[in-house]
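Take the given structure of chain A and dock chain B to it, following the hints.
Protein sequence lines correspond, in order, to chains A and B. Residue numbers for the first sequence follow our numbering, so the first one is 1 and each next one is one higher. Residue numbers for the second sequence follow our numbering, so the first one is 1 and each next one is one higher.
No wet-lab data here; the hints were simulated from the structure. One thing to keep in mind: the hints can contain errors.
[Stated by the list, open to error] Facing chain B, from chain A, some residues (calculated, C-beta under 10 Å):
#1 42
#2 46
#3 48
#4 50
#5 56
#6 57
#7 59
#8 117
#9 118
#10 274
[Said to hold, decoys possible] Facing chain B, according to a computed beta carbon distance under 10 Å, are these residues of chain A, among others:
#11 55
#12 109
#13 229
#14 326
For glycine and all other residues, C-beta sits at the position ideal for the given N, C-alpha and C.
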Amino acid sequence: MSELRWNPLLGEWVATATHRQERTFLPPADFCPLCPTKPGGFPTEVPESDYDIVVFENRFPSLRSAPPAPAVEGSELYPVRPGQGVCEVVLYSPNHSSTLASEPVEQIYKLVQVWTDRFRALDALSFVDYVFIFENKGEAIGVTLHHPHGQIYAYPFIPPRVLTELEQSIKHHQQTGRCLICDIVNDERRDGRRIVAENASFVAYVPFFARYPYEVHIAPSRHLQALSDMEDKEQRELAAMLKMILTAYDRLFNLSFPYMMVLHGRPSDGGDYDYYHFHIEFYPPLRTATKLKYLAGSETGAGMFINDTLAEEKAAELRGRVQRVVWASEKG
Amino acid sequence: MEKRQIRMDDGRYLIFYTFTDKTSPLRVDVEENRSDSAERQPEAKPEAEEERRV
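Next up, chain A with everything else stripped away, as it sits in the complex:
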């Protein structure tokens, strides 16, 4: 059973997808359903091993392109609609024990190209209003499969968090005539203390308003709205920037750093979003090598985050662990 149920209290949709309870949970490495099928072995999701990156429809989706009718009847108070959308899995590598951080930057560049290709394809679907690319990494985040992978959700609506960013961005644009994230990036560059890394096309920083101790945002210097607006040079530099940040994360506590990585771009509903600015956000759950930042009463019940650390200090920690990655042709 799956459907979208309206929450009138918060004004947002909730997906029910009861079949997801049955999804594979932390299988041993020999039984990973995301590894390529081995000769004579059990059939996995991927029948061949000769690939760089694979994308496929999630076996346990919360949204489907041809969804079943809702299992319950809606009402004026509680509207219900089919869970229409797309849920894709993106395998970063055939290698089970790899991570995005440990992949060479050339592979991350390939991933950026695949993201862009999938964004274009899903962006064109009439029932899709927002394409959301993300990765949950690490058991601390709740991943159920360790094989290196990310996901793409194509929603039939603009999700609430993005909607808030859009509303704040348009308000800022109406008040100042400028892009909010361009202003944030310029302010971070002017201040400097929260910058983690920079290259010719991107800047990474711990935002002034960080909610997680090691939260990092990556924004393009050029004002653009979507992955599909990037030139090849920018795709390469995004790959280099991702490599720098992911490596710095792993070097922080000498462990494979857990995180949520989310890409925020313009919606796909055909609207005009020139005022918005594509960017990537990382939310790592660790506040020390052994302690988690829990989303407890204030964060979950009131929506106010309490960050026990200073963004300026955490940025300095990360900055000290950055290894610069530069495409050879761009070295000055």
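For chain B alone, kept in the frame of chain A given last:
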């Protein structure tokens, strides 16, 4: 970039991406961040901004 799409038994699509094209240099250099700097300081504010604050 080459794509090859197949259908699985249950009707789901699966796309294999392979990259055989050799575009401009793919060599990368990795350098330790020497300016580490826990001590990165704010840049000097442009005059215009200072004036606005008066």
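Going through the hints against the structure:
Hint status for residue 42 (chain A) relative to chain B: violated, with the closest Cβ pair at about 14 Å, above 10 Å. Hint on residue 46 (chain A) holds. Least Cβ distance to chain B is approximately 7 Å, under the 10 Å limit. Because the closest C-beta pair between residue 48 (chain A) and chain B is about 7 Å apart, less than 10 Å, the hint holds. Interface hint status for residue 50 (chain A): upheld, as the beta-carbon distance to the closest one in chain B is roughly 7 Å, under 10 Å.
The interface hint given for residue 56 (chain A) holds, since its Cβ lies 4 Å from the closest Cβ of chain B, which is under the 10 Å cut-off. Look at residue 57 (chain A): its Cβ gets to within about 4 Å of chain B, closer than 10 Å, so that hint holds up. Evaluation of the residue 59 (chain A) hint against chain B yields a held restraint, the C-beta minimum of about 7 Å falling below 10 Å. A distance limit of 10 Å between C-beta atoms decides the matter here; for residue 117 (chain A) the minimum to chain B is near 7 Å, and the interface restraint holds.
Look at residue 118 (chain A): its Cβ gets to within about 8 Å of chain B, closer than 10 Å, so that hint holds up. A hinted interface residue such as residue 274 (chain A) counts as satisfied when its beta carbon comes closer than 10 Å to some beta carbon of chain B; here the least separation is about 26 Å, so the hint is violated. A least Cβ separation of about 5 Å between residue 55 (chain A) and chain B falls short of the 10 Å threshold, and the interface hint therefore holds. Taken as an interface hint, residue 109 (chain A) checks out: its beta carbon lies about 8 Å from the nearest beta carbon of chain B, inside 10 Å.
Taken as an interface hint, residue 229 (chain A) does not check out: its beta carbon lies about 18 Å from the nearest beta carbon of chain B, beyond 10 Å. Evaluation of the residue 326 (chain A) hint against chain B yields a held restraint, the C-beta minimum of about 5 Å falling below 10 Å.
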